[in-house]
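Trainee: With the hints as extra help, turn the sequences into a complete structure.
The primary structure of each chain is shown beneath.
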Amino acid sequence: MKLVDKCLIVENSEIQENIFRMKILSPQMCSIARAGQFLHIKCGGNKHALLRRPISLSYRLAGEDTLVIVYRVEGQGTQFLSEQKPGVKIDVMGPLGRGFAVDQEYGRVVLVGGGMGVAPLAELARVYGNKCTALLGYRSEPFLTREIGAEAGKLLVATEDGSEGHRGFVTDLLPRELSEQTIDLVYCCGPRPMMKRVLDICRTHGVRCQLSLEERMGCGIGACLVCSCATRDKNGNPGYSRVCVDGPVFWDDEVMLDG
Amino acid sequence: MKLVDKCLIVENSEIQENIFRMKILSPQMCSIARAGQFLHIKCGGNKHALLRRPISLSYRLAGEDTLVIVYRVEGQGTQFLSEQKPGVKIDVMGPLGRGFAVDQEYGRVVLVGGGMGVAPLAELARVYGNKCTALLGYRSEPFLTREIGAEAGKLLVATEDGSEGHRGFVTDLLPRELSEQTIDLVYCCGPRPMMKRVLDICRTHGVRCQLSLEERMGCGIGACLVCSCATRDKNGNPGYSRVCVDGPVFWDDEVMLDG
Amino acid sequence: MDNVNLEVDIAGLKLKNPVITASGTFGFGKEYGEFYDISRLGAIVVKGLTLNPRLGNPPPRVAETPAGMINSVGLQNPGVDRFLEDELPGLLDKGVCVIANINGNTIEDYCRMMEKLDRSGVSAVELNLSCPNVKEGGMAFGVEPEMVCAATREVRTAGEKPLIVKLSPNVKDIVEIALAAQEGGADALSLINTLLVMDIDIKTRRPTLANIFGGLSGPAVKPVALRMVYQVCGAVGIPVIGMGGISDWRDAVQFLLAGARAVAVGTANFVNPYAPLEIIDGIERYLTETGFSSVNDIIGNISVTSGQ
Amino acid sequence: MDNVNLEVDIAGLKLKNPVITASGTFGFGKEYGEFYDISRLGAIVVKGLTLNPRLGNPPPRVAETPAGMINSVGLQNPGVDRFLEDELPGLLDKGVCVIANINGNTIEDYCRMMEKLDRSGVSAVELNLSCPNVKEGGMAFGVEPEMVCAATREVRTAGEKPLIVKLSPNVKDIVEIALAAQEGGADALSLINTLLVMDIDIKTRRPTLANIFGGLSGPAVKPVALRMVYQVCGAVGIPVIGMGGISDWRDAVQFLLAGARAVAVGTANFVNPYAPLEIIDGIERYLTETGFSSVNDIIGNISVTSGQ
Ligand SMILES: Cc1cc2nc3c(=O)[nH]c(=O)nc-3n(C[C@H](O)[C@H](O)[C@H](O)COP(=O)(O)OP(=O)(O)OC[C@H]3O[C@@H](n4cnc5c(N)ncnc54)[C@H](O)[C@@H]3O)c2cc1C
Ligand SMILES: Cc1cc2nc3c(=O)[nH]c(=O)nc-3n(C[C@H](O)[C@H](O)[C@H](O)COP(=O)(O)OP(=O)(O)OC[C@H]3O[C@@H](n4cnc5c(N)ncnc54)[C@H](O)[C@@H]3O)c2cc1C
Ligand SMILES: Cc1cc2nc3c(=O)[nH]c(=O)nc-3n(C[C@H](O)[C@H](O)[C@H](O)COP(=O)(O)O)c2cc1C
Ligand SMILES: Cc1cc2nc3c(=O)[nH]c(=O)nc-3n(C[C@H](O)[C@H](O)[C@H](O)COP(=O)(O)O)c2cc1C
Ligand code: FES
Ligand code: FES
Chain A
1 MKLVDKCLIV
11 ENSEIQENIF
21 RMKILSPQMC
31 SIARAGQFLH
41 IKCGGNKHAL
51 LRRPISLSYR
61 LAGEDTLVIV
71 YRVEGQGTQF
81 LSEQKPGVKI
91 DVMGPLGRGF
101 AVDQEYGRVV
111 LVGGGMGVAP
121 LAELARVYGN
131 KCTALLGYRS
141 EPFLTREIGA
151 EAGKLLVATE
161 DGSEGHRGFV
171 TDLLPRELSE
181 QTIDLVYCCG
191 PRPMMKRVLD
201 ICRTHGVRCQ
211 LSLEERMGCG
221 IGACLVCSCA
231 TRDKNGNPGY
241 SRVCVDGPVF
251 WDDEVMLDG
Chain B
260 MKLVDKCLIV
270 ENSEIQENIF
280 RMKILSPQMC
290 SIARAGQFLH
300 IKCGGNKHAL
310 LRRPISLSYR
320 LAGEDTLVIV
330 YRVEGQGTQF
340 LSEQKPGVKI
350 DVMGPLGRGF
360 AVDQEYGRVV
370 LVGGGMGVAP
380 LAELARVYGN
390 KCTALLGYRS
400 EPFLTREIGA
410 EAGKLLVATE
420 DGSEGHRGFV
430 TDLLPRELSE
440 QTIDLVYCCG
450 PRPMMKRVLD
460 ICRTHGVRCQ
470 LSLEERMGCG
480 IGACLVCSCA
490 TRDKNGNPGY
500 SRVCVDGPVF
510 WDDEVMLDG
Chain C
519 MDNVNLEVDI
529 AGLKLKNPVI
539 TASGTFGFGK
549 EYGEFYDISR
559 LGAIVVKGLT
569 LNPRLGNPPP
579 RVAETPAGMI
589 NSVGLQNPGV
599 DRFLEDELPG
609 LLDKGVCVIA
619 NINGNTIEDY
629 CRMMEKLDRS
639 GVSAVELNLS
649 CPNVKEGGMA
659 FGVEPEMVCA
669 ATREVRTAGE
679 KPLIVKLSPN
689 VKDIVEIALA
699 AQEGGADALS
709 LINTLLVMDI
719 DIKTRRPTLA
729 NIFGGLSGPA
739 VKPVALRMVY
749 QVCGAVGIPV
759 IGMGGISDWR
769 DAVQFLLAGA
779 RAVAVGTANF
789 VNPYAPLEII
799 DGIERYLTET
809 GFSSVNDIIG
819 NISVTSGQ
Chain D
827 MDNVNLEVDI
837 AGLKLKNPVI
847 TASGTFGFGK
857 EYGEFYDISR
867 LGAIVVKGLT
877 LNPRLGNPPP
887 RVAETPAGMI
897 NSVGLQNPGV
907 DRFLEDELPG
917 LLDKGVCVIA
927 NINGNTIEDY
937 CRMMEKLDRS
947 GVSAVELNLS
957 CPNVKEGGMA
967 FGVEPEMVCA
977 ATREVRTAGE
987 KPLIVKLSPN
997 VKDIVEIALA
1007 AQEGGADALS
1017 LINTLLVMDI
1027 DIKTRRPTLA
1037 NIFGGLSGPA
1047 VKPVALRMVY
1057 QVCGAVGIPV
1067 IGMGGISDWR
1077 DAVQFLLAGA
1087 RAVAVGTANF
1097 VNPYAPLEII
1107 DGIERYLTET
1117 GFSSVNDIIG
1127 NISVTSGQ
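Residue numbers (this note's numbering), protein chains in the order written: chain A, 1 to 259; chain B, 260 to 518; chain C, 519 to 826; chain D, 827 to 1134.
You may find that some hints are simply not true.
As the list claims (entries may be wrong) - Cut-off 20 angstroms, straight-line C-alpha distance, at most; resulting in silico cross-link-like pairs (SDA-like, lysine to any residue):
# : chain 1 : residue 1 : chain 2 : residue 2
1 : C       : Lys690    : D       : Glu962
2 : C       : Lys690    : D       : Arg866
3 : B       : Lys455    : B       : Thr404
Unchecked claim - Listing some non-contacts, in silico: residues in chain B with all C-beta distances to chain D over 12 angstroms:
#  : residue
4  : Ile268
5  : Lys301
6  : Gly322
7  : Pro345
8  : Asp362
9  : Glu436
10 : Pro452
By construction, these hints were calculated from the structure, which means they are not laboratory data. Every residue, glycine too, gets a C-beta built ideally from N, C-alpha and C.
Mentor: Written as structure tokens, this is what we have:
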């Protein structure tokens, strides 16, 4: 079910320079939203920042009926979001899209997040708890490590400038995780070059992988076809899929990251 | 001198249904603004409600370095203004335009205001004090009567629905004021039909009159020529004047209210 | 409100109200059908169809601009046959009046689609003339009166269903184009399609869209659309469906006053899925409050004499 | 920042920076001169002049639209002679490069103005072709390539000063028009002028403007302007001054990347009197931050190959 709702902002705080965590009250959406889905948020007046902005569900606070999103201020839409004070309502469409495939039968899974791509993995850490290893990469200052660390069985951090954890790319940490024990699935979200690298490593190790893609959106629900990304169908034929409904999460054999 | 300034809103309260009084802190503008001048106010983002909105100075609170404006919510610009909270800054250009001609030698003057046209007369009441009679007309509930009554020598109110003062038009009250004693000048602001009637009455009584006109504006400073109103020049030849710099206040022999 | 009549007649089609959804912005009706009962709409125009399936343009396909958006979808669609098989039956079950939007690079393509659709359950066909005419070096069909007239005439003879010709705004004189479509036998006109535009990303120093150019829609184009609808309504004798930037009932009323017999809502759906319904309600309220009993009373009811 | 070069050369005119103010939005420079020293601008284009004084259109002359404004000033101006006597000397004293914008209903009118201006202190003449040509039934000069070429050619021979031809966007193919102006001898091009539009007041059921139609400017038109500037820069060999909806330095950089040698700021002045200065500073900062040493390095420096 997809909803359009004016939701109360319960919290909106800067957790890192230019990165905000917003808690949104919506009992209905909170009860149905799944890891990897996104919210399509109106950022300002009807006619100004015209289009809604897609922001992933980061995690749910089921007891508080709230959804948590974590976003970076990029342009006018996210700037607007960052200026909204708790107590104000925002217009949210959601939950949208095909989230991560979750299977409680899995023995062990790995989450690989880079930069803002860490955000949607937080809910997965809650779902898998001890069974998951989270590898989180940042340019410099980490965020969401406390939230994810509290849930995941294992947490490793990489920073490009070495300010915390491994100095270098998060993908440096992945091969070892895949070699040391049997991994049923890798969940990945981050910049394109990182995702390509993850895909390569997973293929080398024969481990399946799911990736969450980004594309600019219009409707957010599959009607306008502006959010296409290059994919392969079941027969391996190339074509376009809609990130908003066929994704944002895709299987390793569906995506064509060079396309 | 014309300024563009980000001014602190000190107060913004609804004094009547849909009518707001806003106090704006600006020592510089406060010291130079004159009765009948206006402020050109940015109402929202650069690209949304694109143009500034002209709002008259209602009165100055010299001791507090603040300018007071009184405005009615009409469309998106004034709606935006009404939503701004004290503590926020707004972008104000001003003081602009040719205000009322004030002459301390005058023995007695009459102010005639209708509806929102009452607003710019408040500063005149402060300037003339005891020497002025204020005739204020409203459809129903009056506003600014306390502020103007406290300054003016005499105050008469008319309401169309009779809810306060004379039942009928404010122009009904004017002939008597002009007959009973020598009036040096009538200052008038209000809807066009009212101003036409005031002009007629003044002509009949041989009393000079100044009127404050409204026209939609672009630049507010004389550069774009979109705010034209039909006027006569010194030789009586018809032409256009710019409400923003040649007005908004015009003399009785300049205006062509039917044009 | 009960006795306000919202029915309009477009080229023999009786619409229960004058609010239509614009081609390419409403898919095949399924997506917005998850939000409300789409049979409440006057009609829906389905996404642009071509004779054969089309993949469309490479991404990115969208950019936002002040009060507008640019798209370069490039007519991604499953082709007319699969539309007729997979999409139309379910749509007709919903009880909504369906208008098919057709696109081709040759007049023959258009005619073959018209023939197929003529034997189907669609209520009318909208001929989109913004497509490049390959026989004329890729110049859009819709920019030259002669091509408009010729294309309309041929397609008109290829089927019986009401034929709505959709005009491109990227022209010198929209009236000349509208008259050409009327002369060719159009039963109604639809305008405007998107304005040809581009956007540039100053960080990457590249066009924002992979296709470089795209079509501008949304509130930004409304004044252009309103002018064109007003001019065309004053010149032709056939009904006009007005669109371009309509986002609320006030915008819709402007188009009706300008002379449009119906309005189409496009980009606004993306912002507010309920926009078309809110527009229907708003028109009804406007009629009640201004004392008109039928929407037909306000169509073209604009006064242009001077004075207040 | 000191060693970034902002100088550009437009048809022999050396401008200290590429930021100009657009005709009709900056009066004769006096009004904005109260806010800052206008000699800091690359140049100013004064308000549209005609041979004889003109009263302009009746009010209301302005309406606001989403991210845009409509004006129908109708070329109110004191005439070219009074401009030369009353306005130009004071303006030249300020030390600013002045471009005169000329408007006529016949080619003869344009030529007579060119002759007068050629003997004056203006640096260049901008030929506005959006005016109705009375000999051609009132159709604007700027919409037919033949008329554009003919008008440019005649005016070109009437004087020596650099001749900038300003193009109307209300055409089918801007490139065809631009090439016609180049063929006629234009030294530079200026685009875009306003889009022909209208607005309707649903309360009064009248057009908002007394003149019914007006010209749209402001951010809403930027994507149209950018596309036209890009297309024209790719086709002509003469410099282009880009304008239409530029409100900050980012917009200005987009036009430079699209190929414009200079940009003009119009409507943005009304919103922010300091807009042109902030744009000059912003361009300078952009150059510094991206490591370019001259504004000429970014002009047309856009990559259109695919890939990220
Ligand atoms: C499925 C999905 C989930 C996302 N989740 C998150 C998240 O959890 N946290 C987060 O910080 N960001 C997330 N993003 C990216 C986020 O949508 C953009 O940062 C945001 O739209 C930028 O808007 P803006 O107005 O600030 O920037 P502007 O540059 O002003 O935006 C202009 C236009 O481009 C679009 N746009 C710009 N960047 C992107 C982008 N990267 N992806 C999609 N559209 C873009 C905007 O939506 C808007 O339509 C997600 C994107 C997608 C597609
Ligand atoms: C010199 C002058 C002084 C004024 N003083 C006051 C005052 O003290 N108090 C007050 O309540 N109002 C005053 N007005 C009217 C006020 O400017 C309008 O009510 C306001 O601009 C409406 O803006 P909006 O966005 O709410 O309405 P919208 O209808 O959304 O505005 C659309 C556009 O039309 C313009 N517009 C609409 N109505 C008017 C109008 N009556 N006059 C000028 N432009 C208009 C707006 O500025 C805007 O550009 C004054 C007008 C002028 C010209
Ligand atoms: C994403 C998108 C896709 C579109 N696809 C088509 C199409 O296939 N056929 C067509 O005739 N018009 C198409 N249009 C144009 C719309 O039908 C409409 O004419 C235009 O968007 C103006 O209306 P609006 O401003 O309300 O969106 C499309 C518009 C958008 C935004
Ligand atoms: C109020 C106003 C008056 C204008 N007058 C003229 C004019 O006299 N001559 C001319 O060539 N362009 C005129 N223009 C067009 C501008 O010079 C410019 O081409 C157009 O407004 C687009 O730029 P902008 O969006 O930055 O305003 C005028 C524009 C406005 C808004
Ligand atoms: S955003 Fe419209 S189809 Fe994906
Ligand atoms: S508003 Fe620009 S001249 Fe008056």
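Trainee: Would you mind marking each hint as holding or not holding in the structure?
Mentor: Tested hints:
With a CA separation close to 15 angstroms, the supplied pair Lys690 of chain C and Glu962 of chain D stays within the 20 angstroms bound. For the hint linking Lys690 of chain C to Arg866 of chain D, the alpha-carbon distance of about 38 angstroms lies beyond 20 angstroms, and the restraint is violated. With a CA separation close to 23 angstroms, the supplied pair Lys455 of chain B and Thr404 of chain B exceeds the 20 angstroms bound. Every CB of chain D is more than 12 angstroms from the CB of Ile268 of chain B (nearest about 20 angstroms), matching its label as outside the interface.
With 12 angstroms as the threshold on Cβ separation, the claim that Lys301 of chain B sits away from chain D is violated: the shortest Cβ distance comes to roughly 7 angstroms. The non-interface label for Gly322 of chain B is consistent with chain D: the shortest C-beta to C-beta separation is roughly 29 angstroms, beyond 12 angstroms. Taking the minimum C-beta to C-beta distance to chain D, about 24 angstroms, the non-interface status of Pro345 of chain B holds against the 12 angstroms cut. The Cβ of Asp362 of chain B lies farther than 12 angstroms from every Cβ of chain D, with a closest approach of about 26 angstroms, so its non-interface assignment holds.
At roughly 32 angstroms, the least C-beta separation between Glu436 of chain B and chain D is larger than 12 angstroms, which holds for a residue marked as non-interface. Once the 12 angstroms rule is applied to beta carbons, Pro452 of chain B is consistent with being away from chain D; the minimum gap is 15 angstroms.
Figure legend: structure checked against the earlier numbered hints; hints not met, in rising order: 2, 3 and 5.
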